[in-house]
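Work the whole structure out from these sequences, hints included.
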Amino acid sequence: MTTELAVETLGLSKDYASGRGLFDLDLAIARTSVFGYLGPNGAGKTTTIKLLMAMIRPTRGRARIFGLDSEKDAVAIKRRVGYLPADLPQFGGLRGSEVVAYLAGLRGGVDRKRVESLAQRLDLDLGRRFREYSSGNKKKLGILIAFMSAPELLILDEPTGGLDPLIQQEFYRILGEARANGSTVFLSSHVLSEVEHVCDRVGILRRGRLIRVAELEELHDIHFHTVEIVFDGPPPLEKLGRVPGLEKLVRQGTHVGFTLHGDFNGLFQALGGSKVVNLSSHEPTLEEVFLAYYREVDEHPVGTAGAAPA
Amino acid sequence: MLRVALRQSSIGIVAVSTIGVIGASIQTGAFITVAGTTAASQAAFGAQTTALARQIAYLLPLPIHPETLAGYVQWRVFGGLPLYILIWVTLSASGAGRGDEERGLVEAWLATGVTRTRLLLWRFGLFLAGALVFGLLTGLATAAGARAAGSPLPIAGILGEAVALGALAACCYAVVLVVAQLVGTRRVAGGVGGALLTALFFLNGIARTVDYQGPAVWLSPFHYYDRSDAVAPGGSVDWLATAALLLFAAALVGLAALLFSRRDIGAAAFRPPVAERPPRYLPSANPLLRVPVLADLFTQRVGLVAWVCGLVLFALFMTSIAGQTGEFMAKTPGLAGYLAAIGGTRGVTRAVIGSADYSITLALLAAYALTLVARWAADDQEGRLEMVLSQPVPRWRVVVERVAVLSASSVLMILAVSVAIAVVAPSQHVTLGTRDLVRAGGALLPFGLLFGTAGATLTARFPRLAVGLLGVYLVASYLLFQLGPFLNWPAWVVDLSVFKLYGNPLGNGIDWIGLGAVTGVAVAAFGAALLLMRRREVGA
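These protein sequence lines are chains A and B, in that order.
Per numbering that gives the first Met the number 0, the first sequence runs over residues 0 to 309.
Per numbering that gives the first Met the number 0, the second sequence runs over residues 0 to 539.
Hint data in this document are derived by calculation from the structure and do not stem from the laboratory.
Since we're looking at a predicted model, the values are computed, not measured.
Hints should not be assumed to be uniformly reliable.
The calculated EDC-like cross-link candidates involving lysine to aspartate or glutamate, where the alpha carbons are at most 16 Å apart (straight line), are [to be verified]: (1) A:137 / A:151; (2) A:247 / A:216; (3) A:137 / B:536; (4) A:71 / B:536; (5) A:112 / A:131; (6) A:247 / A:231.
Output of the computed footprint for chain A on chain B, the stretches with three or more beta carbons under 8 Å from beta carbons of chain A [said to hold, decoys possible]: (7) 272-283; (8) 373-384.
Over 12 Å on every C-beta distance to chain B, these chain A residues come out as not near it, computed from the model [claimed, not checked]: (9) 30; (10) 40; (11) 68; (12) 97; (13) 263.
Cβ coordinates follow ideal geometry from the N, Cα and C atoms, glycine included.
The following block contains the structure:
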């Protein structure tokens, strides 16, 4: 049922020529879900968002939001959508409180108490002029504007860039509450851990094409850690070889290095009884994850990206 | 870095040099037409010019032998250029001193290892070179015009004036550079720097009017420039005064460099202590921000008040000299045709008020419309339009609101100008009734809207070019209107000028055909703007 979907795109394309743009996007996002839209810079995330917001026109294909045509019914759609662009525009000498009042005036029906609550939770002083805001404060203002009307759909482009960890956690709580109150969230990011943290499903975009829509559990399979261990003696290679998800094991004397998919439980069990001098683990960058994933896809091609609703 | 800075300065240098060259060409070309070719007519012209110049001595220096082309050019060209310099320098120095910093360029340049002093010296050196180019080009245009008119001017004198002009520009630039270190934003630097230079300009002008030679007048760089009159018969360059201007410029640039090196990037050199206040979490309760059109007018209130004040001051000034100007025209045989064309038969002073006051108001209204067009283009390029359209706002409403804002502010300006003219006109022995003011003022509105709606259309397709294209049309309109009749250009060419289409409602009544044509084009442009806004891509 179309109306059960918050967002639906059919063959949505925006061709900027020279291979740039977005191509044949088929996507279906169910209501009250949190959908992560993941991809490296230039993959087409912002282009998708601008198409959904009817800021740009598709070369072909169409998008529907709550069953409404994204272009023809743009105004009706935007009554139900809160939007956070990747970069908030300059509002110069206006105070944060004036920017909020101006945009709330355009939208209508914004609850002042809700604004106050959001500003307090985000620790955002609305009495300061926009030009005095740091990039983090500008992002907070953008988040406040997106959430102030308690919209049914939140379209958020890179929402946590520039936020400090404490405010990031508060943002995740606000996001969770919105979802609990029935909002759907479309969130673009290039931070894998963020998507893992808040999303139910993830769409992975590469060079303008959606290559996979995955459940969160599947994402854990994609995700891996690079681990290095220094032992006080010969490494227990046999035990390590039995650890689920452990790959590419390399030994140099008492040092071993490997990649680990999934959680660390199996590894810690295998290390029982061994004397570990040092253990370091680092999360790969999104680029490294994608490279590994793409290599895997190239070696073992899978079917077309799933478009089933979450 | 040099290339980026040069590119940024080059637009101003080209624009101001073009104005200088065109202005010089018009004035040298117009002299023979206006003053006549006989000794008697030129003597009469000189006498009338001297009388008029006394009325406006606070703007232009007193002329020396204005009955000669050399004397006239010295007065009208080299005497008038400091006003252009004031505007150019204010924009340029506030941009170099603060604008680049707001755009993050200064931070990027300093990160490359360039010292702050060197950076400031680069900018100053580039401006000085540009100012000299401006002076030389204007001088060469003057010399070429005079040669074409059969009265060659002394090249050494012209070069000397060009150097003096460059020195004046450099000194004024340095003044605004210092101001830019003391304030926090480009807008404030431009406002305070411009106000300071204007005060220094009028300090010299008023001293000239009342023949004051006391120590205070030596504070004004314009006074030092005034001491050179090398193009006028028997005149010379005051090299000591010119050197003093350059010396002051060097000292002020040194001071600016010192302040720049001691302050934080993005901050003023001296910051008043900020009173502690609790953080604010509620949105503004200002009801204006929630009402369409009023919200935009509120955010532009400072600029709008400045425009209204500027227009009123112009209207007061032009009306206060209308009688003298009319007398000058009536007694100058070369201007008889022009006077007849503007409706002088119904009263010379009335025709002058209608022609000069309202034409200048038209030009300023068009210029104001262009500032709004530039703002609309910036709204799109800087993402504000995207933010507005992300709210439940139909696209047509954006265009309608923009035009409504332009209309409301234009009506406000026209009302203020009309009141100013009505108040001062009786002192010139002219009484203007409500009907006169409504006809002359009301007819202005479609012209402002023409530039606004055309700008709204152009910004949809050519956001970076819109203001430039319309600005060129405005200047071309003025030239067509001023030069067309003298150079016997075809009527249809002159009719392309907005000033011609406006005519002179006070002197000749409303030109209904012209008004209808402008209204028609404005309505068509409005329709095109609505259509383009509906179809265009935003933030692409």
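Tested hints:
| no. | hint | in the structure |
| --- | --- | --- |
| 1 | A:137 / A:151 | violated (23 Å) |
| 2 | A:247 / A:216 | violated (22 Å) |
| 3 | A:137 / B:536 | violated (25 Å) |
| 4 | A:71 / B:536 | holds (14 Å) |
| 5 | A:112 / A:131 | violated (24 Å) |
| 6 | A:247 / A:231 | violated (22 Å) |
| 7 | 272-283 | holds (count 7) |
| 8 | 373-384 | holds (count 3) |
| 9 | 30 | holds (20 Å) |
| 10 | 40 | holds (17 Å) |
| 11 | 68 | holds (15 Å) |
| 12 | 97 | violated (5 Å) |
| 13 | 263 | holds (41 Å) |
The structure shown violates the earlier hints numbered 1, 2, 3, 5, 6 and 12.
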